[in-house]
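Protein chains: 2
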Amino acid sequence: MAKEIYLFEEGDGTNKKLLGGKGAGLCQMTQLGLPVPPGFVITTEVCKKYYEAGRRLPNGLMDKVKEAIAHIERKTGKKFGDPHNPLLVSVRSGAAISMPGMMDTILNLGLNDTTVNGLIEQTGDARFAYDTYRRFIQLFGKIVLGIDDKLFAEVFEEAKRKLSVKNDYELDVESLKIVVQRFKEICEKETGKPFPQDPYIQLEMAIGGVFKSWMGKRAVDYRREFKITPDIADGTAVNVMAMVFGNTGFNSATGVVFTRDPATGAKGLYGDYLVNAQGEDVVAGIRTPKPIDELKNEMPESYRELVEICDRLERFYKEPQDVEFTIEKGKLYILQTRDAKMNALALVRTSVDMCKEGILTKEEALLRVKPDQLEQLLHKTVDPKANVKPITKGVNASPGAACGKVVFDADEAERRGRSGERVILVREETKPEDIHGFFAAQGVLTSRGGKTSHAAVVARSMGKPCVVGAGEIVIDHEKRQFKVGNVIVKEGDLITIDGASGNVYIGEVPMIEPQLSTHLQELLSWANEFRKLGVRANADTPEAAKLARSFGAEGIGLCRTERMFNAVDRLPIVVKMILTDSEEERIEALNKLMPMQKNDFKDILRVMEGYPVTIRLLDPPLHEFLPRFEELLEEVNRLKYSKGFESELLEKQKILSRVRVMSEVNPMLGHRGVRVGITHPEIYEMQVRAICEAAAELIIEGIDVKPQIMIPQVAIAEELVVIKNIVNRVKEEVEKKYGVKIPIKYGTMIEVVRACLTADQIAKITDFFSFGTNDLTQGTFSFSREDVENKFLPIYISKGILKHNPFQTIDEEGVGKLIKIAVELGKAANPELEIGICGEHGGDPESITFCHKAGLTYVSASPYRIPVAILAASQAAIKAKNN
Amino acid sequence: MAKEIYLFEEGDGTNKKLLGGKGAGLCQMTQLGLPVPPGFVITTEVCKKYYEAGRRLPNGLMDKVKEAIAHIERKTGKKFGDPHNPLLVSVRSGAAISMPGMMDTILNLGLNDTTVNGLIEQTGDARFAYDTYRRFIQLFGKIVLGIDDKLFAEVFEEAKRKLSVKNDYELDVESLKIVVQRFKEICEKETGKPFPQDPYIQLEMAIGGVFKSWMGKRAVDYRREFKITPDIADGTAVNVMAMVFGNTGFNSATGVVFTRDPATGAKGLYGDYLVNAQGEDVVAGIRTPKPIDELKNEMPESYRELVEICDRLERFYKEPQDVEFTIEKGKLYILQTRDAKMNALALVRTSVDMCKEGILTKEEALLRVKPDQLEQLLHKTVDPKANVKPITKGVNASPGAACGKVVFDADEAERRGRSGERVILVREETKPEDIHGFFAAQGVLTSRGGKTSHAAVVARSMGKPCVVGAGEIVIDHEKRQFKVGNVIVKEGDLITIDGASGNVYIGEVPMIEPQLSTHLQELLSWANEFRKLGVRANADTPEAAKLARSFGAEGIGLCRTERMFNAVDRLPIVVKMILTDSEEERIEALNKLMPMQKNDFKDILRVMEGYPVTIRLLDPPLHEFLPRFEELLEEVNRLKYSKGFESELLEKQKILSRVRVMSEVNPMLGHRGVRVGITHPEIYEMQVRAICEAAAELIIEGIDVKPQIMIPQVAIAEELVVIKNIVNRVKEEVEKKYGVKIPIKYGTMIEVVRACLTADQIAKITDFFSFGTNDLTQGTFSFSREDVENKFLPIYISKGILKHNPFQTIDEEGVGKLIKIAVELGKAANPELEIGICGEHGGDPESITFCHKAGLTYVSASPYRIPVAILAASQAAIKAKNN
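Chains as they are written, first to last, in this note's numbering: chain A, 4 to 886; chain B, 4 to 886.
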C-alpha cells in the first residue's frame, strides 16, 4: 500500500501532485533547514480514497496519524491533549495547485476544557488561551460541524458591545470565558452533541472536514473557471503542523510577504504584518495591517532573517514567493511558501528582471508568463487629459480602469453580468463566497482591506481592476446605495474605478488605449527571437490597425468589409441596392459605395505600409442589412389596425414581403459569402475595384502596399475560379487606368468543411489560405454558435461531454484534424502557399500552440490579443524545441 | 490534322463520340451491307472547331465536303446541282447521345429553281417536285435562315383553303408553284437576300445551321435535364446522305419501327408508317399513320426484308433498335438505327427476354436497365374497384396514372409546377419546344398522334403517364378549356389520366399501390445474386414498412419517431410537454405518449418480423412542434388592436414569449437530436422504454424482433455514452418487468462532420453507424438545403460550379471523403460494426455505387426506391468485378 503520511523531513519537495503545493513546500523548507514548525502531510491519494469510500477516511489512517503526532510531540516536547503542556496543531488543506481561500483550514486544534489550562500554564496568559479556544470552537464549528458563522459572530459582537470595546483583543478573560461557553452551547444545540473534547476525535473530524471542502461549491466553481482538471490536481492533501502563535504579545506577529511586489514586480519584500495576531486576521482584511518595511524597525533581527530566507527561496524555486510567517515571542517561523500569484504586469517585470539577475534563462522567462494574462496589461486607463474629479480614493490594488453599474452583492453581479450589463461589485470586503461576482464584474471596489486582502488577491489573479480600502465609502445594504460624504450612489448607477491610482469616479470617464510597458516590450522582443509563427491582426478600421501595429502586429490578417457597409451614411444605399429589382439602380448604388470603400481601404493600407493587408470581400447574407422581419411585421400590423396609413402600409408591406422572400431558415448555411459574389458579381466587382484603385493611388504616392483579396465561405474550388476571373479582369483594367502594376495576392478563407477536404484543388488557384475557425467549428460540430453557446454548451461542459468550449479553444480531435488535412493537401499542391488563421482561436494560446504544430504561417488576432499571440507563439516554439 | 469527314464505308461504327450515334450507325449498317443510301459524316470534332472559331466552319472543310459529295455522285449516278439528274441530300445532326427532336434536320437540299426541273425529269412528277421544293424552302428558311415558321404555314394554309382541300397532298402543281414563289419571297423579305440557289452554298449554310442547333435552347435544356455533360457528348456530327423519297407515290412509304414494343417490351416489330410521305410527317404526328403490321399486306417483300434487317441489327447491337426506313418505289432503305428508347417496363422485359434468348448474359441484362427507371414501374394505377367512368379514351402511350390540374401550354405547366402544383399538360400535339412543360407535368394528354408521336416518345423516356390521340377532346385556347361532347373542363380543373388504359377521368380518382411485375421480380432476383450491399427501407408507418417489404426491403434502416409526435391526437400532448416548466407535468405528458409510441413500434416490428428495424430517437428541435412564431405574432397583434380579448391576449403572449425564447437563429445547427436527449433525458428515456416494452411484448407473443436504437446528431463520442447509460438501465428494467431478454443494438447516425472525424471513438461504443448524408452534406458544404436548393444551387449547376445537386447525388470529393474516413476509422476500432446509409442518397444509383465501393453494409431508401437500390447495388457489384 502506498505511504499515506509523510513527515516534513521525509516528503519529496517536488511532488506537489502527491503532497499538495503547501505540503511539498513545507517538506522542502524543512529539508533546506528553514525554521518550519514540525508536522506532516496526509497525501492527496488519501483524499481520493476518502471519496471512493463514500466520504470516509481509510481504515487505519488514524493509527498512522497518531505515530506522526508522536513525532511532533518529540520535536516540540509538548503532548497532544496534555493538561499541562498541550500540543496544538493546525490542519490545513493544500492541493497541487494553489486555490487561495477555496478550501478550509482549522487552527489551534487540540484545545479543550482541560488543555486550555495547560495553554495558560505554557504562556501565563489566560486571556490569550481563552481567545485561542474561542477561535478554535468558532472555526471548527463552522467548517467541520457546518454551523452558520453568524450564530458565533452575533455572540461575539454582543460580548464586545457589552464591554463597549471595538477591537477583538480588548475583550477580557471573563468575557472570553463566557463566549467560549456560549460557543460550545451553540455547537451542542446545532449538532445535538456536545463539542468534542478528545483531541484525536477533533483531529479525525478536521481531516475529514478538509477533504470534504475539496468538493465544496466554491472549490468546484474555482476549478471549473480556471480549468483545473483532475490531471492537474486531483484531491487535496492535509497538512498537520504544530501551532505557533503570532498573538502571544507585542513581540509576536504574523504576516505574509511577497519576495517581489505582486502588483508591479519591483524587487524587494512586499507585504503586511500584524503584531499580536493570528494569520487569518491578515488575510481576512478585518484589521488593517502594517507594511512589512516597518518590521525592519520593530523587529530588526527577524526582518533580516526573513529577507535572507526569501532570497534563498526565490533562487531555489526560480519564482517570486508568497511566504507566510509568524514570529512567536521573537522567534521567526515560516508557515508556508508558494509561488507568488502576480498580475501580468508583475509577471512580465519579474521575468525580465530575474532573467537579467541570472535566475532565469530567456526561455524560462518567456515560459513562466501565461499568454492570456498579457491582455490584462492592455487595460484602458483613465485619460489624464479628462477633466474629472474622483469622489474618493482607495488603495490601488489591481491596475486598469473599469466602468460599470454599481451592484452590492455577487449574485446580482452575476445576474446582470449574464444579461450583458457591465457591473462594478462594491462591498465592505469580499469573501471566497463572492467568487462568482468577481467573474461577472468589470471591477471590484471595497471599503476595507489592504493590498493582500481577499478582494485584492483575487482581482489581481483575474486581472480585473480593483480598488480596496476606500474607507470613505459607507454602504447601506437596506437602501441598496452607498454614500461618500453627501454623494449618494444607488445600485445601477454608473461609476468608474481606476485600479492604478485608486480613484473612484461617478459616471463613465474618458479612457485611453493602453501602451506596452518597457518590460513587456523587452519580453516580446525576446519572444520574437523564438517564435516561428507570424502574428497579424483582425482589424476593420485604420484606428484598430494602428493600435495593432503598435502592439507588434505584422499585418492585417482579416479586414472585414461588411462593417463598412453598415456605417450610418452607407446603410441606406446598401439597403436600396439590395431591395431594387432594377440592375441599373443596383449598379448606381454600388457606384456610390465604391469611392467610400476605396477611401476605407486607402486608410488601412496606408497605416499598414510595408505589411500585408488581407481584405475579405462581403460575407454576410444580404438580408442581414435589411430591417428585421419581426419589427417590420409589428409595424405592418400596427398600420393595418390603425386608419389613414394606407399608402404607408402598402410601402411597408412591399418591404416586408421582400424581406420574407430573402429570409432564410438557417442563414449561417445560406446565401452568403462567395455565394453572393457569384449570384451578384457586381458587388464583388465593386469591392475588388475599390481595393485595386486604393492600392494604385497609394503606389503612385510612393507607398508600399500589399493588399490581399480573400474570399469567404468557399466550399468548391470552382467558386474561386469564377471570382478570380473578375479579380484578374478588374485588376488589369485598373492597372491600365493608373499605369501601375498592383501587387495583389488572391486567397480564401478555409471555413467550410468541404474546403478542407478539397484543399489541394483550392491551393492550386490561390496564394493563401486563412482558416476561419469560428465557422469551421460550427460546420464540424453542426453547432450554431448563437444557438448553442448559452443553451446546451454549458451543460455539455459541466457534464464533461466537452472539455472546453470549442469556440474558445480549438477542438483538436475534430476541427484540428480538418486543419491538418487542409494544410497537408494545400502545401503538397502549392508549396508557396501562405496559411493563416483568423478565427477567434487565433488569439487563444492553446490554439496557437496547435497552429504552430500544424505548420501554419501566421495567426491573426484582435489587436488586444497581439501580445498574447506573440508570447504564445514563442512558447509553442520553445516547447516544441524542448520536446 | 484529324480526319474531318468519313464516308459511311470508312467510319468506325463503334465510335459514337466522334461520329455521333446516327453517323456511327449509318457507317456500321453500310459496312454490314444493309441498304443505306450513300453518304458521309462530318465529325463532332469539326463542331468543336466551329465553336472555337466563333461559330465558323474550319477553312478547307467545304473542299473536303465536295470530295465526299463526288463520292455520293459516283454511287448514285446523280450530280449535285445538275439541271437534269440532280442529287438531293439530307443534312442531319447526330450527337454521341440521341437527343430526339432536340437538334435540326434539313431535307431535300440541293433543290433550286433549276434542279426542281431535273427532279421532274427524274420522277416525271411535277407535283412531287414542287412539293419537295416547298418543303425544302420552308425547313431551310426556318432552321438556317431563322424565319418564323408561322409565316410559311399561313401561306400554305391559305393555298389549301383556296382549293378547299384538307390534306397537303391534295394541292396541285400550280398551287405549289405559287407557294414556292411566295416562300422564296418570304425568305428574301426576312433576310434581305434572295433564297440561295447554289447547292454548295445551301450545303455550307445547312452544315453551319446544324452545328448551331447544338447550342440551341432546347438542346441545352435537354442536356442539362439528362445530365449529358461534355465528357458524354461534346458537339454534334453532321450526316449528309443522298435523299430517298417515301413520297413518290403509293408504292413508296416511310416509317419508324421498334424491334420490340417500347411500351411493353414484347417481341415483334412495332411502329407505324405512312404511305407516300416523308419521314417528318411520321414523327410530327400531323397525319395519323398506319400500324406496321399492315405493311405485311401492302408491301410484303419490303416487310420481310425489314424484319430480317431488324433481327440482324438487334443481335448485332444487343439492344432493341429504333429503325427509320423509307421505301422508294418499292425499294427499302434504312435511314437510321439507334438503340430504342424504352420505358422501364419494356427495358425490364427485354432484358429478361433477351437474356433467355441468349442475346445477353445476366450481367448484361442487369447493366442495361438504368436503376432510376424502375421507379416508373411503381407508378400508381387507377383502382379497378373504384366506381368511376372515363369521359374519353385515347391511346395508352406511357403507363401509370396521374392526377393534376389541366394546363394548356408548357409555360403555364412550368409556372404552376414550380410553385408546387400538380398539373397535366393537355395539347393537340406536342413539339420539342414543349419539353420544359413535360418536366413540370405529372402527365401529358394529347388529342392527336400515335404511339410514336413526339408526346408519346418523350413521355415514355421520362416515365411520365401519357395518353395521346384522344380525338374527342376539342381544345379552345381562347377560353382556356377543353370539351368532350358536352363536358367542359377548364384550365385548373383536376383530371386523372391512366396511361395504361388510355382513359381520361374528371377529378381525382382513387389509385392503388403498384406491384412488381413478374419480369421485374425475375430481374431483381438476378440482382440479388450479384449484389453485396443490403437494402433496407426508410419507413415510419406499418403501411410503408409493409410496402417496402413487398418490394424486397430487408429491414427498416430509418424509422423516424418525430412523425409519431406530430399525429393529430398527440401534438397537443407534445406541445404541453414542451411548454410546461413543471417537471411533473412534463413527465405526465410523456407518460401519456409512451403507450402510443409503444403501439407504433409494435406494429412496425411485427410487420418486419425477422428483419432489423432501426428506430431513430427524436431528432428535430422541440420548437418545431410549437405554433409558428410569425402566426402567433400576427394573432397577438390582432388581439392587441381589438378590444375585449385581454385574457386571450395574455395567454397568447405567454406562448409567444416562450416560442421566442426557444426559437433559434439556425435551427439546423441548434438544440436538437442527441442534444435534446441530453438536456431532456426524460424524452429519450420514454422512447427507449416504448421500444423495449414493444419488443418484450412481441417476444412473448413469439415474434422474432430485431430493434435497433439509433441516436441522431451525434458529434462527440461522450454524447453516446450518456445516452447508452439510459438505454442500458431502461432495458434492464424492462427485461426484469417482462422476464425476457431483449436483443437490441445501439448505434448512431453519422451526420455531423465531427462524428466522421472521430468515428474510431464512436465505433467503440456502438454496434452500428448509419450515414445521414442529407445533414452531412449540409455540414460539409455549409449549405442549408432549405435555403440553397431553390436559390443559388441551380445557378451553381448551370454555371458548372457543381456537376450535380449534392443533395441528390453524393459529393464524392467532399462528403465521400468524410464517409471513407469514418468507415476506415470505424471498422478499425470495431470490426463487427454494421455501416449503413439512410439519407436520400441511399436510393440514388450513383451514390449506391459509391456506397458499394466504400464498403458499406447496406443502403436504406424510401419504399418506392427499393427496387432501384437493389438493381443499383447489383450493378455496382458487377462493375467492380469487371474492373
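Do not rely on the hints blindly, as some may be mistaken.
[What the hints assert, rightly or not] Mimicking DMTMM-like on lysine to aspartate or glutamate, the simulated pairs with C-alpha atoms at most 20 Å apart in a straight line are: (1) A:802 to B:721; (2) B:794 to A:685; (3) A:153 to A:193.
I should point out that these hints are in silico values taken from the structure, not numbers from a laboratory.
Taking the hints in turn, this is what the structure says about them:
With a C-alpha separation of about 10 Å, the suggested pairing of residue 802 of chain A with residue 721 of chain B holds against the 20 Å cut-off. For the proposed pair residue 794 of chain B and residue 685 of chain A, the alpha carbon gap of about 18 Å is at most 20 Å, so the pair holds. Restraint check for residue 153 of chain A and residue 193 of chain A: satisfied, since their Cα atoms lie roughly 13 Å apart, inside the 20 Å limit.
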